[in-house]
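Asker: If you want the building blocks of each chain, they are given just below.
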Amino acid sequence: MTLLRKRQLWVYLVLILGSLLVVYPFIFMILNSFKIGTEILNYPTRLPRHWSLNGYHRVFEQLDLGNMFKNTIIIAVSVTALNVVLSSMVAYALSKLNFPGKGLLFQVIIGSMMIPGVLLMIPAYSMYYQWGWINTYTVMIIPAALSAYNIFLIRQFMTAIPNDFLEASRLDGCTEIQTFLRIVLPMSLPVLSTVAILTFMGSWNDLAGPLLYLQDREMYTLQLGLYTIKSEIPGQNLDQLWAALTMTTLPVVVVFFFLQRYFVNAFTGVGLK
Amino acid sequence: MNPQKRREAMTGYLFSLPWVVFFLVFLTYPLLLAFKMSFQNISVTQANKAEFVGFGNWVAVVQDSLFWKATFNVVYNQAIFIAVVFVVSLGLALLLKEITKGGALIRTMYFLPVITSVAVSIIVFNMLSGPSGPIQQILISLGILDKGVDWAFSKWWAMPVLALFNSWKWFAIQMIIFLGGLLSINPELYEAAEVDGASWWNRFCNVTLPMLKPQIVFVTTMNIINGMQMFSEVFMMFNLEGGPYHSGLTPVLYLYKKGFNEMNMGYASTVGIFLMLIIVFLTTVQWKLFNRKETN
Chain V
1 MTLLRKRQLW
11 VYLVLILGSL
21 LVVYPFIFMI
31 LNSFKIGTEI
41 LNYPTRLPRH
51 WSLNGYHRVF
61 EQLDLGNMFK
71 NTIIIAVSVT
81 ALNVVLSSMV
91 AYALSKLNFP
101 GKGLLFQVII
111 GSMMIPGVLL
121 MIPAYSMYYQ
131 WGWINTYTVM
141 IIPAALSAYN
151 IFLIRQFMTA
161 IPNDFLEASR
171 LDGCTEIQTF
181 LRIVLPMSLP
191 VLSTVAILTF
201 MGSWNDLAGP
211 LLYLQDREMY
221 TLQLGLYTIK
231 SEIPGQNLDQ
241 LWAALTMTTL
251 PVVVVFFFLQ
261 RYFVNAFTGV
271 GLK
Chain Z
1 MNPQKRREAM
11 TGYLFSLPWV
21 VFFLVFLTYP
31 LLLAFKMSFQ
41 NISVTQANKA
51 EFVGFGNWVA
61 VVQDSLFWKA
71 TFNVVYNQAI
81 FIAVVFVVSL
91 GLALLLKEIT
101 KGGALIRTMY
111 FLPVITSVAV
121 SIIVFNMLSG
131 PSGPIQQILI
141 SLGILDKGVD
151 WAFSKWWAMP
161 VLALFNSWKW
171 FAIQMIIFLG
181 GLLSINPELY
191 EAAEVDGASW
201 WNRFCNVTLP
211 MLKPQIVFVT
221 TMNIINGMQM
231 FSEVFMMFNL
241 EGGPYHSGLT
251 PVLYLYKKGF
261 NEMNMGYAST
271 VGIFLMLIIV
281 FLTTVQWKLF
291 NRKETN
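These protein sequence lines map, in sequence, to chains V and Z.
Each residue of the first sequence is one higher than the last, beginning at 1 in the UniProt record's numbering.
Each residue of the second sequence is one higher than the last, beginning at 1 in the UniProt record's numbering.
Read the hints as simulated data drawn from the structure, not as lab findings.
We put the beta carbon where it would ideally sit given N, CA and C, even for glycine.
Take these hints with a grain of salt, some might be off.
[To be verified] The list that follows gives simulated cross-link-like pairs (lysine-lysine, DSSO-like), each with its CA atoms no further than 30 Å apart:
#, chain 1, residue 1, chain 2, residue 2
1, V, K70, Z, K169
2, Z, K288, Z, K147
3, Z, K69, V, K230
4, V, K6, Z, K97
5, Z, K5, Z, K101
6, Z, K5, V, K102
7, Z, K36, Z, K5
8, Z, K155, V, K230
9, Z, K169, Z, K101
10, Z, K213, Z, K97
11, V, K230, V, K70
12, Z, K169, Z, K147
13, Z, K169, Z, K97
14, Z, K169, V, K230
15, Z, K101, V, K230
16, V, K6, Z, K101
[As the list claims (entries may be wrong)] Which bits of chain V does chain Z cover? Going by a derived footprint, with three or more residues having C-beta under 8 Å, they are:
#, stretch
17, 23-34
18, 54-66
19, 81-91
20, 104-111
21, 123-132
22, 157-166
Could you put together the complete structure from these sequences and hints?
Answerer: This is how it looks when you write it as structure tokens:
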């Protein structure tokens with residue numbers, strides 16, 4: 001018994017030590033955001049001597065952070081909403097409806113997951129350029145509105161819903177679309193939240209997309225803004241930089257803490273299927 | 001076809017339509033365009049002045065030492081990353097399996113780097129690991145380093161340091177996949193092994209590892225595919241040129257530079273096609289290796 005307890009104690013010790021190592025950079029970031037620039041540069045690891053909100057004030061004065069927040073939210077919310085709606089429609093057709101060509105459709109979806117996105121970077125850019133999509137919300141939203149991975153995830157879940165529920169609904173005189181909206185979608189909420197969280201975070205944190213397609217300052221997202229703050233005035237604007245880092249990270253962290261169960265679940269079964 | 005079946009089929013086609021349109025417009029068309037552009041000398045702004053050059057771009061990429069240098073860089077980086085993250089995530093998953101309370105909270109902490117953007121985490125990491133940052137201060141006080149070093153600007157250290165950064169950022173996903181695998185192993189297998197007098201190490205090698213094979217194949221394949229496409233990290237850390245001696249250059253960064261900085265989109269497309277071929281090759285080899293083990 002004591003041997004077992006001692007063993008548990010060691011296990012906890014290692015796990016907690018590990019979590020401190022993982023969390024330390026975040027504490028470091030938050031503490032530095034309350035310092036003034038010279039203190040960040042000279043004493044990055046100390047507690048702030050005077051807790052200053054200087055960085056937060058200046059970041060709002062000098063940068064269009066509000067606008068960047070607005071752009072990021074518009075893009076991330078639209079991409080997430082479209083993905084949830086469109087992917088669950090396709091997933092429903094694949095898991096619950098019978099029609100000629102369904103098998104082929106599924107094969108194509110699985111196969112398309114193997115195409116590396118970077119190969120399409122160049123041709124897609126020239127395509128959007130000709131369509132006049134560069135520097136618009138459209139280019140960030142429409143090509144990201146659907147993903148094979150999301151379809152696959154939702155389909156796996158929907159396949160497990162017993163067909164009896166659908167039969168009952170059809171006997172009650174519901175159309176296919178009504179059955180989808182009233183029976184299958186509400187039952188799929190766990191997987192839909194998972195897909196929503198993953199998509200939202202992917203979109204919020206994306207740097208390569210905005211870097212390619214958004215050149216106008218008015219259109220900048222938070223991540224692109226951070227990149228430019230970092231590269232524009234090195235060393236001069238540390239207060240703003242650390243305040244901006246903290247402000248762009250905290251919303252996602254807060255959302256994550258409330259919904260982490262769904263997020264972690266998304267990965268649990270992934271290797272098995 | 002009876003009315004019910006016809007109605008079902010019609011709904012099926014209606015609901016699949018978004019994917020079909022998406023697949024044709026945003027995947028198939030650009031894929032074909034990529035092949036077409038690889039035979040052309042073409043720039044973004046003057047697409048109508050494209051000039052056919054046959055296999056010129058293909059030959060040039062094969063002979064391009066910078067492209068192969070970039071490919072070597074990712075392989076160097078991923079070899080370290082895959083090894084480190086395998087040990088760390090499997091070790092932590094084994095430990096998490098042992099505890100009954102507080103597991104959820106610890107897992108949540110471990111996921112924080114995953115949800116943080118590359119832009120934020122690279123800036124924080126650079127500060128932490130920079131010459132005056134706490135990591136090097138500790139190494140100096142332990143006598144491992146003489147003085148602060150700018151890792152991002154050294155020829156051989158840039159990629160290993162980036163691999164360590166990536167391990168910190170991504171181990172949690174792999175850990176949770178391993179944990180899911182570990183929890184699905186039948187406990188009777190361990191009991192049987194214990195009755196036979198197998199040591200912890202024997203049980204690990206003969207029960208845990210073989211039973212985790214699906215997860216191991218999955219994460220290694222994902223690591224290879226994702227590693228080959230590394231871009232944001234190196235762009236944030238080393239800028240367009242990939243740092244001194246191009247030690248942080250990756251194929252995608254190179255593709256980006258050729259296409260959007262030098263406006264040579266035909267060449268950049270060819271780099272993309274080579275990259276795809278390399279990914280397909282590596283994934284196939286990896287699948288073959290794992291399948292052969294099973295038949296033995």
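Asker: Would you pick out the hints that fail for this structure and give their numbers low to high?
Answerer: 2, 5, 7, 15, 18, 22
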